[in-house]
Amino acid sequence: MENPEVKAGEIEGNMSGKRPAQLDWVRINKYIKMCNSTNPFRPIIDPTRLVDTNPFSKSVRRRLIREAELMSEKELSQSCPKQQQTTLENDNEGDKVNKIDVIGKSYKNIAKLLHENTSNVIECNGYDLCPYGDNVLYKLIESPSLDNENSTSTSFRQDNSKKIPAKSIAYYRNEKIVVFESSNKYIVYRLEEIEWVEECYEIPPITLYFRAELREFAQLSPDQYTVGLRIVEGINFVYRVKKDINCSKVMLGSRTVWLCENDLKSFIKTLIYSVIDDSIVLDGNLLIKYTKVDNKWIAISQQPYFLRHYVEDGLGDFIPVYIDRITKNYRSLKYTLDYKDVPKIDLVKYHEKTLWRREPEQYVPKSMFCRINTSKAFVFQFQDKFKVCYLQGNCSISNDYDIPPIKLLSQDNQDNIIPLNSSEYSVQLSVNMYVQFIYSLNPETVCTQVEYGERIIWKYKRGQNKPLCVVYSRSSQRIQVIFEDSIVYTITKSPNSHVKWAEIPPEISLYKTNERGKTVRLDARDYRVQLYKSKGFRYVVNEEVTCTELRHNGTVVWRYTGGILPLSFVYFFKGNKTISVISRTATCNYQLQKGQWVTTETTNTN
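According to the UniProt record's numbering, the stretch in the sequence shown is residues 1 to 606, in order.
Be aware that a few hints might be false.
Unchecked claim - Pairs of lysine to aspartate or glutamate, DMTMM-like flavour, derived with a Cα cap of 20 Å:
| hint | residue 1 | residue 2 |
| --- | --- | --- |
| 1 | Lys344 | Asp294 |
| 2 | Lys535 | Glu454 |
| 3 | Lys387 | Glu361 |
| 4 | Lys574 | Glu507 |
| 5 | Lys466 | Asp485 |
| 6 | Lys366 | Glu233 |
| 7 | Lys243 | Asp223 |
| 8 | Lys535 | Glu515 |
| 9 | Lys340 | Asp317 |
| 10 | Lys108 | Glu193 |
| 11 | Lys243 | Glu198 |
| 12 | Lys533 | Glu454 |
| 13 | Lys500 | Glu515 |
| 14 | Lys466 | Glu424 |
| 15 | Lys459 | Asp415 |
| 16 | Lys466 | Glu451 |
| 17 | Lys385 | Glu359 |
| 18 | Lys112 | Glu193 |
| 19 | Lys334 | Glu544 |
| 20 | Lys289 | Glu233 |
| 21 | Lys292 | Asp324 |
| 22 | Lys96 | Asp128 |
| 23 | Lys185 | Glu202 |
| 24 | Lys112 | Glu199 |
| 25 | Lys249 | Glu233 |
| 26 | Lys176 | Glu116 |
| 27 | Lys407 | Asp346 |
| 28 | Lys518 | Glu544 |
| 29 | Lys108 | Glu175 |
| 30 | Lys500 | Glu451 |
| 31 | Lys344 | Glu444 |
| 32 | Lys176 | Asp324 |
| 33 | Lys518 | Asp485 |
| 34 | Lys387 | Asp346 |
| 35 | Lys366 | Asp317 |
| 36 | Lys466 | Asp526 |
| 37 | Lys269 | Glu312 |
| 38 | Lys242 | Glu352 |
Treat the hints as calculated values from the structure; they're not laboratory data.
Here the structure is a predicted model, which is why all the values come from computation and not from measurement.
I would like the entire structure built from these sequences, with the hints used as guidance.
Here is the structure:
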C-alpha cells in the first residue's frame, strides 16, 4: 500500500488568536428549583460512574446509596440554607470524605484546598464528581440561584465574570496539577516546590469541516465534537469528533492543514494539538503527524499503516501517540519500532484488534517488531520477556517467552567483573522453526565472560578472540557462544554437562554483490553460524544483507537467481557432505558426489 498523498499548507503564524465563536461550550440549563434540597449545590452523582480503580470509590458508592435511602424516608423541612464552610463527613476511620466550597473562590485557593485534602475523597459543592484512578474530574452543575454570590450558572453570573465558576476542574493528584476550564481557555496551576505556578492556555483556532457538496465544506457545529485540554506527555488540546460525523477538513486559523480528496473516504476521529511544539496528530483511517517547517505543514504517516499506539489521558479515555523511531526492511516487510523516547504506552492496536494493553504497574515495552504479510506477527520486547501476537484472518494467538538468565560481563580498569551495559548489545527473539534468543554484541564491545544463572559458560583467556553473539535455544536448552572461527556450547538443563568446543568449517564461505556489481565475501558479522542438531552447522544471514553465493572450498554450490531469498543454509560435513538451502517455500538439497556438487532433492514447503 502506498503512502496516500497528504496535502500540505501554510501554518497560521499567530497562535494567540481567540477561540472562534463556534467553540463556545457554554451550557444553558433550565432553572432548577432547589428549595427541597438540604444543599442546593450538592453534586448529583451516579454511583455507577465511579471507577473501581479509585481507592475510595467503593466507600463513596456505599455512602451515596445509604444517603439516598435515608433521603427518601426523611421529610425535608429546611429550605435553601446558605452553604456551610468546609465540612468533613466521617462514617468511619476508613471512609473519609471532604466537602469543600469552591464557588466564589479563586482558582489558586481551590488548587490549595484540593492538594491539602489529597489523602481523602474530595467533593466540590456545585460539581459532579468523576474519579478516574488517582485523578478526579469535577463537572459544574448549572444551577441558577437568586443569590448571585452562590450561583453555579455561567450564564446567570455574566455580570460578575471574575466569580464565574470553572466549567470543569481536573485534579491530577500525582502530578500536583489542577486544570480549570473556562469558555475559551484553560488555567493550569502546577505546584513547584511550595509555590503554585499559574499558566494560561487559549484554545487554538482550529476548525473542523464536513463535506457538504462535492467541492463545498460546512463547519462542524459545537455539538458535533468536543475540545479539552489534557495533561499527558506534555500539554495537549484534544479534539474528538462524535460518532457518525465525517470530518473531511481541518484548518488552523485561515490555513488548511488537512483536506480529504474527493476519491478518498478518509475521515478524522481525533485531533491532538501539542502546546509544546505546535505539532498536530490526526487519527482517522491513517495516523498522520504534522510539524512546522518554514511555515509549512510537513506530514508523515505512521507506519505500518493501521497500527496504533495510545496513552491514557488520565480522565478515562485514550489519545493516539505517534512513534517517530521506526526502521523498515522493505525486503521482508519487517518494521522495528523503538520505544526508547516514548515515556508511556497503554494500548497497542492493529485495525480494531488489541495487541497489547498495559496492566497496572507494568512497564512499557522497549521495542516492537512486526511483519505485515499474510500471517501478521507482532513481537514486543520487555525487560524480562518477549510477547508474540499473531493475527491471521479473524484469529489471534498470543504467547509469552521469558528471557533466559544469561549475563554478559566485562572488566573495568581495576579488573573487576562488571555487567555489560544494555546499549552494548541487543537481544532478539527468533521464532523461525524453533524459539531462540540471540544476543548480538556491538563491534566495539569487549565481552570477557558469559554466564547462565550462576554458572560460568565461557571466560576470556589471553589470545582468544572476542565473541560475536550468544544464542540460546529454548527447546534444547543449549547455549552457544559464537566466535568467528569456533563455537563454545553446553546444555544448561544439566548442571553436569561439560562445556564443549567446535570449529566452524573453514571451507564454507558466503558472498554478496556490492554496489559496483562485484562479488565480495560476507563479513563475519553479516551472518551467524550455529550448531545444527549433532552433525551440522546452520548459517543464518542477517535480514539487511543479500547473500548471492555459497561456496565450498572456492567452488560455487548455490547462486541466487531471483525470487525468494533463503532463510538459512545447513551444512552437514560428516559422512556424505550435503548442503541444504532453506527458504520459506522450499528446501533445495545439494550433495558432494565424486568431487561435484549436484542437486539431489527439492522439497516444496508450501
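TODO: For the pair supplied as a hint, Lys466 and Asp485, confirm whether the alpha-carbon distance does not exceed 20 Å.
DONE: Judged against 20 Å, a Cα distance of about 11 Å means the pair holds.
Task: Restraint status (C-alpha distance of Lys249 to Glu233 at most 20 Å) - done: 26 Å, violated
Open item on the list: Just to be careful, I want the Cα atoms of Lys500 and Glu515 compared with a cutoff of 20 Å; is the pair within it?
Closed with: Given pair Lys500, Glu515 is violated - Cα atoms ~40 Å apart, limit 20 Å.
Task: Hinted pair Lys407 and Asp346, Cα distance within 20 Å - done: 30 Å, violated
TODO: Starting from Lys385, check that the Cα of Glu359 is at most 20 Å away, please.
DONE: 15 Å, holds
TODO: Verify the proposed pairing of Lys518 with Glu544, using a straight-line Cα cut of 20 Å.
DONE: With a Cα-Cα distance of about 18 Å, the restraint between Lys518 and Glu544 holds, given a limit of 20 Å.
Task: Pair hint Lys366 and Asp317, alpha-carbon separation not exceeding 20 Å - done: 24 Å, violated
Task: Straight-line alpha-carbon gap Lys243 to Glu198, limit 20 Å - done: 35 Å, violated
Task: Proposed proximity, Glu352 with Lys242 (alpha carbon, max 20 Å) - done: 18 Å, holds
- [ ] Could you grab the alpha-carbon distance between Lys535 and Glu515 and see if it respects the 20 Å cut-off?
- [x] Roughly 36 Å between the alpha carbons, so the hint for Lys535 and Glu515 is violated.
Task: 20 Å Cα cutoff - pair Lys269, Glu312 - done: Given that 20 Å is the threshold and the Cα spacing comes to 17 Å, the pair holds.
TODO: Would you check the hint for Lys344 and Glu444, treating anything up to 20 Å between C-alpha atoms as holding?
DONE: Distance ~31 Å between Lys344 and Glu444 Cα, so the pair is violated.
Checked against the numbered hints above, the structure breaks hints 1, 2, 8, 9, 11, 12, 13, 25, 27, 31, 32, 33, 35 and satisfies the rest.
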